[in-house]
Amino acid sequence: MQEEKTETAPKGASAKPREAGGDALKKSDKILTFPHLVFKEFIALMLVSLVLIIISMTMNAPLEEVATPTKTPNPAKAPWYFVGLQEMLVYFDPWIAGVMIPILIIVGLMAIPFMDRNPKGVGIYCFRERKFAFTMFTVGIVVWFGLIIFGCYFRGPSWLLYLPWESWEVHKPVVSKGTYVLPLYIGLPGVLVYYALGMWLPAFFARNFYRVVGPTHYYIAMFFVLSMFGFVGKIPLRFIFDIKYIIHTPWFSI
Amino acid sequence: MIRLLKQLVDWIVRTQVWLSVFRQGWPNTERNRILTILNTCLFHLHPIKVRPHALKVKYTFCLGGISMFLFIVETITGVLLMFYYRPTVEYAYQDMKDLEFAVTFGLFLRNMHRWAAHGMVLTVILHMCRVFYTGSYKPPREYNWCVGVVLLVLTLLLSFTGYLLPWDQLAFWAVTVGTNMAKATPVLGAEGPFRILSEMNDMCFYLRGSVDISENTLLRFYVLHCIALPLAAVVLMSIHFWRVRKDGGISGPL
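One line per chain: the protein sequences are A and B, in this order.
Using this note's numbering, you'd call the opening residue of the first sequence number 1 and step up by one each time.
Using this note's numbering, you'd call the opening residue of the second sequence number 1 and step up by one each time.
These aren't lab readings, by the way, just hints derived from the structure by calculation.
Virtual Cβ for every residue (Gly too), placed ideally from N, Cα, C.
Do not rely on the hints blindly, as some may be mistaken.
Partial list, derived from the structure: chain B residues whose beta carbon lies under 7 Å from chain A [to be verified]:
(1) VAL50
(2) PRO52
(3) PHE108
(4) ARG110
(5) ASN111
Can you make the complete structure from the sequences, with help from the hints?
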């Protein structure tokens, strides 16, 4: 809906060549905020209000029966924006799924502008000039929303796999083939090799990239990228090979 | 008739009362349009002139502005809801029912508050994506990106704390699932790795104000939801908008 308004672009707006590092726009190319920007904001505001009012009149906010601490619903789902983390609980212990992953996501997001030293691609939607950053962010967003959709629509009672059209009334027995815990002498070196190879291979094959970015930025960025793929990578390990823990110690398990 | 109306308008915009409020006359000359932006408290957030590319809806999709607008909607509907809501176990759910059946437009008010909250979470996330894909976090805007990430976290926390207030089964168990995660915090959680605290003084207890979700939790979430988090969000939003201007206005191709 928002896009329709592009048609009503102000007369003063002239399309400029969109080359990064191209000619700087002259001051005279700027157009007045009032009325051009203010009117567009006003239209957006009106449209959002309209949509909001229609939704509020047609759909009621959910309200179930009064809270009863003794009656646990099955399943108890978190609000949708946290369902991704709840879904991660299947693959990780709570201290990773509920604490470490959120912290890493927040710190990782805040670190983006300091890790990304590529000055190109400002002010335009451009994949070509920043393939790496573009891809990694997209992977993160897709995984995040993928987990949310999966948790919301494909999980039923006892957090078991229920397809959206399957009735939750149908009882599904928990058929556990048993889960495996990798011994420490395989798991720990495995994780170390994953991080070491993940850090070393790109540095070796994309020397130029490594040299431009510099070692500090490179290793910090790669830590976040490899952690992200590591977290995602455990999903198939759990689904296909029934591996519960990769590293298992008496104090913590991953 | 029309001429008469015009004369009336001309007279109104030259009265002392009008000029005391708006300072400048009718914004039909370039001078008055500039003064409109300069003299209006709300508009002075904007620069007097903007670069044409910033006006393209396809560039920003109005996402930041919509997020702020939804925050304002939340504030207004939230204040109105506060007139009818008491954060106690005895009354919370009953007040929900009163809103639905006894208060004029009560259900509409609650619907709007709920749907705008979901909308705000979504638009804030999408705004972050927009900023990333246009490379708008790159120097000199690193700091503002970080402020934005904190605002995203605040938005999620605002939504999450509000989730408990209806005190129905959905609220109670979603927040149980959410706050249970805090138990798993390493060192500081009663069930996390390297735990040193009991469930009477760990992170989860600190969050809930009791071992299980109780009236203490309800009051805590209510105060956080209505006072602490909105205040923090307003302060950070002010910094966020101010920095947009200080960092050279909306990002664009060089």
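Here is how each hint holds up against the structure:
no. : hint   : in the structure
1   : VAL50  : holds (5 Å)
2   : PRO52  : holds (4 Å)
3   : PHE108 : holds (6 Å)
4   : ARG110 : holds (5 Å)
5   : ASN111 : holds (4 Å)
Comparing the model with each earlier hint shows no violations; every hint is respected.
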